[in-house]
Every structure is written in structure tokens, then in C-alpha cells.
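There are 2 protein chains.
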Amino acid sequence: MTTTKIMLKEEDIPRQWYNLAADLPSPLQPLLGPDGKPITPDMLTAVFPMNLIEQEVSQERWIDIPEEVLKILYRWRPTPLRRAVYLEEHLKTPARIYYKDESLSPPGSHKPNTSVAQAWYNKQFGIERLTTETGAGQWGSALAFACKLLGLECKVFMVRISFNQKPFRKLMMQTWDANCVSSPSEETKAGRDILEKMPDTSGSLGIAISEAIEAAVTDETGKTRYSLGSVLNHVLLHQTIIGLEAKKQLESIGEKMPDVVIGCAGGGSNFAGLAFPFVLDKINGAEVDIIPVEPEACPTMTQGPFSYDHGDTAKMTPLLPMHSLGHTFVPPPIHAGGLRYHGMAPLVSQLIVEGLLKPRAYHQLKCYELALLWAHTEGAITAPETSHAVACAVDEAEKAREEGKEKVILLNYSGHGLMDLTGYESYLSGQLTDYSLPQEELSKYQEALKDLPKPDLKKTGKW
Amino acid sequence: MTTTKIMLKEEDIPRQWYNLAADLPSPLQPLLGPDGKPITPDMLTAVFPMNLIEQEVSQERWIDIPEEVLKILYRWRPTPLRRAVYLEEHLKTPARIYYKDESLSPPGSHKPNTSVAQAWYNKQFGIERLTTETGAGQWGSALAFACKLLGLECKVFMVRISFNQKPFRKLMMQTWDANCVSSPSEETKAGRDILEKMPDTSGSLGIAISEAIEAAVTDETGKTRYSLGSVLNHVLLHQTIIGLEAKKQLESIGEKMPDVVIGCAGGGSNFAGLAFPFVLDKINGAEVDIIPVEPEACPTMTQGPFSYDHGDTAKMTPLLPMHSLGHTFVPPPIHAGGLRYHGMAPLVSQLIVEGLLKPRAYHQLKCYELALLWAHTEGAITAPETSHAVACAVDEAEKAREEGKEKVILLNYSGHGLMDLTGYESYLSGQLTDYSLPQEELSKYQEALKDLPKPDLKKTGKW
Numbered sequence: 001m002t003t004t005k006i007m008l009k010e011e012d013i014p015r016q017w018y019n020l021a022a023d024l025p026s027p028l029q030p031l032l033g034p035d036g037k038p039i040t041p042d043m044l045t046a047v048f049p050m051n052l053i054e055q056e057v058s059q060e061r062w063i064d065i066p067e068e069v070l071k072i073l074y075r076w077r078p079t080p081l082r083r084a085v086y087l088e089e090h091l092k093t094p095a096r097i098y099y100k101d102e103s104l105s106p107p108g109s110h111k112p113n114t115s116v117a118q119a120w121y122n123k124q125f126g127i128e129r130l131t132t133e134t135g136a137g138q139w140g141s142a143l144a145f146a147c148k149l150l151g152l153e154c155k156v157f158m159v160r161i162s163f164n165q166k167p168f169r170k171l172m173m174q175t176w177d178a179n180c181v182s183s184p185s186e187e188t189k190a191g192r193d194i195l196e197k198m199p200d201t202s203g204s205l206g207i208a209i210s211e212a213i214e215a216a217v218t219d220e221t222g223k224t225r226y227s228l229g230s231v232l233n234h235v236l237l238h239q240t241i242i243g244l245e246a247k248k249q250l251e252s253i254g255e256k257m258p259d260v261v262i263g264c265a266g267g268g269s270n271f272a273g274l275a276f277p278f279v280l281d282k283i284n285g286a287e288v289d290i291i292p293v294e295p296e297a298c299p300t301m302t303q304g305p306f307s308y309d310h311g312d313t314a315k316m317t318p319l320l321p322m323h324s325l326g327h328t329f330v331p332p333p334i335h336a337g338g339l340r341y342h343g344m345a346p347l348v349s350q351l352i353v354e355g356l357l358k359p360r361a362y363h364q365l366k367c368y369e370l371a372l373l374w375a376h377t378e379g380a381i382t383a384p385e386t387s388h389a390v391a392c393a394v395d396e397a398e399k400a401r402e403e404g405k406e407k408v409i410l411l412n413y414s415g416h417g418l419m420d421l422t423g424y425e426s427y428l429s430g431q432l433t434d435y436s437l438p439q440e441e442l443s444k445y446q447e448a449l450k451d452l453p454k455p456d457l458k459k460t461g462k463w
Numbered sequence: 001m002t003t004t005k006i007m008l009k010e011e012d013i014p015r016q017w018y019n020l021a022a023d024l025p026s027p028l029q030p031l032l033g034p035d036g037k038p039i040t041p042d043m044l045t046a047v048f049p050m051n052l053i054e055q056e057v058s059q060e061r062w063i064d065i066p067e068e069v070l071k072i073l074y075r076w077r078p079t080p081l082r083r084a085v086y087l088e089e090h091l092k093t094p095a096r097i098y099y100k101d102e103s104l105s106p107p108g109s110h111k112p113n114t115s116v117a118q119a120w121y122n123k124q125f126g127i128e129r130l131t132t133e134t135g136a137g138q139w140g141s142a143l144a145f146a147c148k149l150l151g152l153e154c155k156v157f158m159v160r161i162s163f164n165q166k167p168f169r170k171l172m173m174q175t176w177d178a179n180c181v182s183s184p185s186e187e188t189k190a191g192r193d194i195l196e197k198m199p200d201t202s203g204s205l206g207i208a209i210s211e212a213i214e215a216a217v218t219d220e221t222g223k224t225r226y227s228l229g230s231v232l233n234h235v236l237l238h239q240t241i242i243g244l245e246a247k248k249q250l251e252s253i254g255e256k257m258p259d260v261v262i263g264c265a266g267g268g269s270n271f272a273g274l275a276f277p278f279v280l281d282k283i284n285g286a287e288v289d290i291i292p293v294e295p296e297a298c299p300t301m302t303q304g305p306f307s308y309d310h311g312d313t314a315k316m317t318p319l320l321p322m323h324s325l326g327h328t329f330v331p332p333p334i335h336a337g338g339l340r341y342h343g344m345a346p347l348v349s350q351l352i353v354e355g356l357l358k359p360r361a362y363h364q365l366k367c368y369e370l371a372l373l374w375a376h377t378e379g380a381i382t383a384p385e386t387s388h389a390v391a392c393a394v395d396e397a398e399k400a401r402e403e404g405k406e407k408v409i410l411l412n413y414s415g416h417g418l419m420d421l422t423g424y425e426s427y428l429s430g431q432l433t434d435y436s437l438p439q440e441e442l443s444k445y446q447e448a449l450k451d452l453p454k455p456d457l458k459k460t461g462k463w
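Chains as they are written, first to last, in the numbering used here: chain G, 1 to 463; chain R, 1 to 463.
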């Protein structure tokens, strides 16, 4: 019988994260301040603790995972690597499809891999309280979980429309004792200003980020910092345990190097977590297609230029070197809330520019169609974000069948969809729509990038 | 470091179910027909396939698990046995608390252990379609999942109030292609009769059972049968894989025989699944307290007499020998919907009469309080049913501390609470109430038992 579940023993868990910054063909580009000049690490200390800032700018290839972080990760890690034999049978493909099951963490996604690490480093630094923003609530619930286990307070600014319409992830956060408020709120100047001008606003991630950063930097005790769930280097670093485990698991059954590695990408963290250890192989000459998948409704990698841009609508963050649709871009309301971001992690963006990744975009209707096929064959109900990776894996498996090639396909199963069933309801009742963004509309938002600096990959950064 | 997750290799999965009927000190009592006489297996053939009826009446100690059933169970089995070290630390108890994590199946509970087996046996028998009822939706979603994987149609009659108020488990069923209708429905005579008399009824499990049985027995193709998620012998049998795995896992780390074994009990299946293999040890002389836990609001085992009674309000089912609060009893609306049943599995009931089990009842406020403690220490959000087992385990761990005894406590973590967060919301907002049932009220319902036959454990049954 084919083993469909490849486990890894606790004692074989990776003990170091892999830092891709050490192996980037082009130098890691710095963040820029409002004056267009590289910012220095100490300019970030009001926002992040110095131990995480050091990770953010580190060029060390391997970074030790603290034992106490591992101890918490052991609750659900190592995660199983599963083989999708039932999907393979259905597709009649010669490809072998493996998926790394990150849905088994208590909050239900890959996010706790970094929320636990971030909470631990903050605690080490003497921080007692973290603030963050959340859209649909995946990240907010992961940070609430980590803070509770480590004894930190957690404050989450949740985009108002989700706060009102998606009560369940808010309830998860409250069950883990987080203080979750609707954003814009009366608790920050940024929130009050917006409420005065637009009392009926449905809120946005941009506003929530502004509120969370303000709440961190204005806390007079100095014991509060801000935490981000994707995009930044240290966040992607913490996720590399996914790909490092998957490599060991494939080796343990004598499987060859994957031909295709796939992850969905909103800010880039679950994709990077699986893919970066394989990017290293590709840099060293291995033949592997590495595919980050995004929604057609938010085509950052496939249609956004590589530019410096702000991480938020309100321009509170430094300028990041990244593929971006422009910080004023508001994506259509697709169900994959975690993929509705105008930018992309700088490390992922640089790899695209270097030609090491092959980004691809899918419509949500196709993603739901294949998420249903997944539920009917593999049995599990997929998060709407993850369904983008599933859709791409199915395409690659069908291509392998047409080519008659015995390919190995590896995807990141980043989360379950049990808290996102309303998307399935829309699909099943025929009410789900696709969004096509005309070039003129995309161009309009990219106007905002015109006056911003352009990264030069030939130039060494100043980190 | 203490290992908190005890795995079992796929090849070490139990290959036989344990049938407690072979070891019952008193003979297995027969079901009775409307005439008060034991019914014969062939009288059940319109409702169940003969291969499952044979299991229902079997006295064989070990029954082989078909390879094809195992192949599906492998998707999430063997499940981890976890040690609750963080809860232990918090309680400062010398007890070692282990929990068998049945929440990892795609539908999120132990229910698929039997839904997969039942769907498989029905398919073997040439059946093409299963009907069932569901309250909150745990069982309905588990049967929908199993039917989809095995290519059977699935029809679920869901109690109207849950159908309207709890859309998420309904959406899970629909995602797995089940036809889920609100009960009472226009599709059965039983449903139409009720709708005519009480168009505004909120429905009940009793009505839904009547509809599901009617839909099975009246199907003219002869290819439809009914499926039940608890209570019956064959259902409990399929769950014993839980306890058999747990035993192997405890042995694999050199742990001693548990001093206390705990499971919540509504119809009895998750409790029996963990406990029956340990009941065998107890029958053979081992010292172990085996505790089924029920809600104070539905105190079947602690306050209901052992009697013959109907399984449903409408008296469609045969008479079962069981602890019962009376088939007209309607439990108060506690959040643990899976524990709101007036009866108890005959096998569990007989063990109680034999003095082999020590049933206990808890109020839901205490259960939620300790479910929160669990979320804050162990990290996972517990189903409201499972929180009854958690509450009892905490009590036992505190008792061990007071007695200064190094006890081993084992509980069944039967499901996660991600689809049940509204109960947490009520608790956190201070709106949750306890229900105390005055003796007069309980006595009123037990009037219905007065004229029914009483089982005589000294008498051999006629199965």
C-alpha cells in the first residue's frame, strides 16, 4: 500500500531556519525612509524589538531556532507531508503530488510558525504587549494564540467589515484572550481622524496597520511593540521550517527532488516557507519550477512593477523594494482575504526579478472548482487562499499527464477552510463571480509609484 | 524534554475492532419489538444492511477491520496521543494527563471512524444511498464525508433550528455533496404530518430520525438504508480503534495502565471507543476508574433508570435496554448538542448497571470555564461536548494533587470547537446559564417508561 502520510519524528525537526538573504544572487535591498535614504536598524526600534530587527537585516545563512520556540512548535510540528493519491487517481496523472499539511496548528494555518517566534523574541526583549492588524482574522488569531501561550497581551485591530461580518475568527481571538477591536477605532488618532471624515467606512487593512503601529509606538510604558504576519524578511525566515521539514520527509521515503514547488502568495510568507529551501537548490543548479500563485483579482507579481512602495495605504511604513500594484490599490472582494495585498515580500520580489520564480495568477471560480475536487478526493476542506495552490497543482499534474512525465509536485497546504465556508456557499449557489481588472484600472493605481525610487539590484544595500 | 505527542506508525494501527459484547458479565440484552418480544435480525433489514446487522448482534471478541476501511482511516489515523504537560504545570498536579486527539479528522471529530465503516459495509451490500438525521451537524458532516469518499449518495435531515441557526456544518455537508434538508420537511409523511399540525415547530432529533428512517424504508429501489451515529453496538464497535491505539501508544513509552479513563457521553460512542478496551482490563481485574461524563442538563446515566425505551420521540425504533430519561424528554438548549439525548447506548448502560463505570454529570458553566483553561494552556479550542471530559480530567488531576498521587489520567479529546464558537461567545459575555432540572420535572418524563418492559440482566437475550 502507498503511504499517504509521511511523518517526521520530533527529534528530526529542523533546528535552524534558512535565511535566503545569504544566497540571493543580487544584494538584499534596504528599506528607505521618507527622505528616500536607507533606514538604519535603530530607526525601527520603536516598532520592533532589536533581536527581530537583527534577524530582519541578517545575512547569516542559518539561524538557530530557540529551544523554547521549538517546544511550542512541537504541539503540532513536524507536520505531516501527505501524498494526494486520491487526487492523482482522479486525474489519471503519472505525477506524484505531495502536500505539506500546515492546517493542523490550533489556529488552522501556517501563521503560528512566525507568531510563536515573534512573541518569544519580544518577550525575551522585555516586551509585554503586541499590537497587530488583521483582515479576515487568520493572522490575528495566530498572534492571539502565541501571545496567550507565552503570557503576553495582544491587541488586534480588525478591519470593520470583517469584524462585523466574520465573527468566528474574532471569537477565536477572544477565546485566546486577545483584545480585538473594530478598525477604525476611537483608540488611536489615526482611527479617530478616519471616523470623523468617514463614519460609515468599512475599514481597510491600510487603516488597521496605521492604528496598530500607532498603538505600539505611542505606548508610554515602552513595553509594547508591533507584529506583522507576512512580507518582512524575519517573518519569511520563521516559515522556512516548512520547506526544511518537507525536504527531510521526501528524502526519508527516497523520493527525488520535486520538479514543481507551489505555494499561494499574498504577502509571501507561506510560499516562501515552503519554497526558499528549494530556491537554494535551484540557485545551486537544480532543475525545479517554483511557482507562487496569486489571484487574478490582485495580480501583484504578474502585473505589478518592481518598485519601491509603501506597505500601507496611509504611508506609515518605510518604502519596501517589491512588486506592487500601488499602495492605493484596493483589491476586489474575493474570498481569499489573505491574498488581497497590493505588495509582495521583498525577498520573493527579488527572486522574481532574478528569474528564479514563475508567478502565476488564477481566477477564484477555478480555485473553488478545484477546492471542491480536492474535498471530494482528498477529503479536506481547503482555505480559499490555499485553493490557489491546489488549482496550480492540478494544472501541473494534468500537464504531466499530457507530457507523459512522472513528475513530483509539492505544494503548501497552508490552511483549512472551516472558518471560510461562506465562500463555498457562494460558489455552490452559483453566486460567485470572477473579477477581471482592466489594464487602465491597474495603471491608474500605479500612478502612485511614478515618483517613488526604483530599486537597483546591482547596487549593494546599506543594511 | 518531555515528548508531548506520542505517535503510532501506520503499520502499527489496530487491525481488529474490540467487541465488548463478548466479555459483558451479563448477557447482551435483545431489542424488543412493539409487541414486547425480542426482534430478530431479519426484522431490521429494511433499515440496515445485513453485514452491519450481523455486527450488531455479534458476540465475537475481535472483528477484522476491512483493509479498504483502514485505507481511508489512514488519512488521519493513527491519531496522536498527546500529553497535556502545560495543563499539568498549571494545575501543579503530580498526575500525568494524556488525551487522544480525535479532532484531526477532516470533519473534526471521532465520528468518521464509524461513518467510513458504515458507508463501506453498505456499499459492499450494494446500497447506493444513506439517510440520517443530525442535530448540530457533527454526525451529518461525518457521514457526508464518508459517503463522498466512497461514492454513495447521502441525505441528511437536519433539525430545523440548527439548519437555520448553524449554517456552517450544513455548508460542510454540502461541500461534501450531501443533500441536507431542514426537518420537518415536505419529503416524508412524518414530516408533512408535523408541518400540518405545527408549521412553526423548531424541529427535534426525534422528528428527524423518523424522517430519515421513513426515507430509507420507503425507497422503492431498495438501494437506500439508514445510518446512525451512536448508541448501537456496531457503532460503538467501530470506535474502539481509539482505545486500542491509545493502549499501544501508552505501552510504546513505557507508561503504566491508566488510573482514570474519561470520555463525554451523549449516545456513548466516543466514550465507548476510548474506554471499552480498558473495560476489558477492568473485567480482568485491573484497577481503573472509568468515567462517562454527561451534562447536568441531560443526566441520563446519573438520574435516568435502566429500562426499555424507544430511541426516538415518535416511537419508530425498537425498544432498547438503556438508561433513559424517557423518550418524551426534551433537554434544555445547552451548547453541547451532541450530549442532548434522552437515552444511552445499551452496552454502556449495562456496564453502569454492572458497576464497571462511574458516570458523572457537570454543569456547562464549569465546562466552559475549563475549556478556556485548556485553550490557554494546551492551546486548542475544544468542542462543547469534549469540554465535559476536560472538566472531569481537571477534577481528577486536582484530586491527585490533594492525595499526592502520581496518577495517569486518559481522556478522549473527541472534537475541536471551531464550528461551535457561539457557545464561547455566550460564556465570555456572561450570558451563559446553567440548567438545573428539578426531580419533579425528571419524574414527569419518566412516566412514559412506566408501562415499558424492564430488562433482566440475568436472562439471556435472544439475539
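It should be emphasised that the hints constitute simulated quantities derived from the structure, not laboratory data.
Worth double-checking, as some hints may not be accurate.
No copy is singled out in the list; a pair is fine if it fits within one copy or between any two copies.
Below, a list of computed lysine to aspartate or glutamate pairs in the DMTMM-like style, where the Cα atoms sit at most 25 angstroms apart [what the hints assert, rightly or not]: (1) LYS166 <-> GLU68; (2) LYS71 <-> GLU186; (3) LYS197 <-> GLU406; (4) LYS256 <-> GLU10; (5) LYS282 <-> GLU406.
Since we're looking at a predicted model, the values are computed, not measured.
Status of each hint after checking the structure:
1. For a Cα distance limit of 25 angstroms, the shortest separation of LYS166 from GLU68 qualifies neither inside one copy, at 33 angstroms, nor across copies, at 39 angstroms.
2. In the homo-oligomer, the alpha carbons of LYS71 and GLU186 never lie at most 25 angstroms apart, since the shortest distance is 38 angstroms inside one protomer and 55 angstroms across protomers.
3. In this homomeric assembly, LYS197 and GLU406 never come within 25 angstroms of each other (Cα to Cα): the closest approach is 59 angstroms inside a single copy and 63 angstroms across copies.
4. In this homomeric assembly, LYS256 and GLU10 come within 25 angstroms of each other (Cα to Cα) both inside a single copy, at 23 angstroms, and across copies, at 23 angstroms.
5. With identical chains, the CA atoms of LYS282 and GLU406 are at most 25 angstroms apart within one copy only, with a shortest distance of 20 angstroms there and 54 angstroms across copies.
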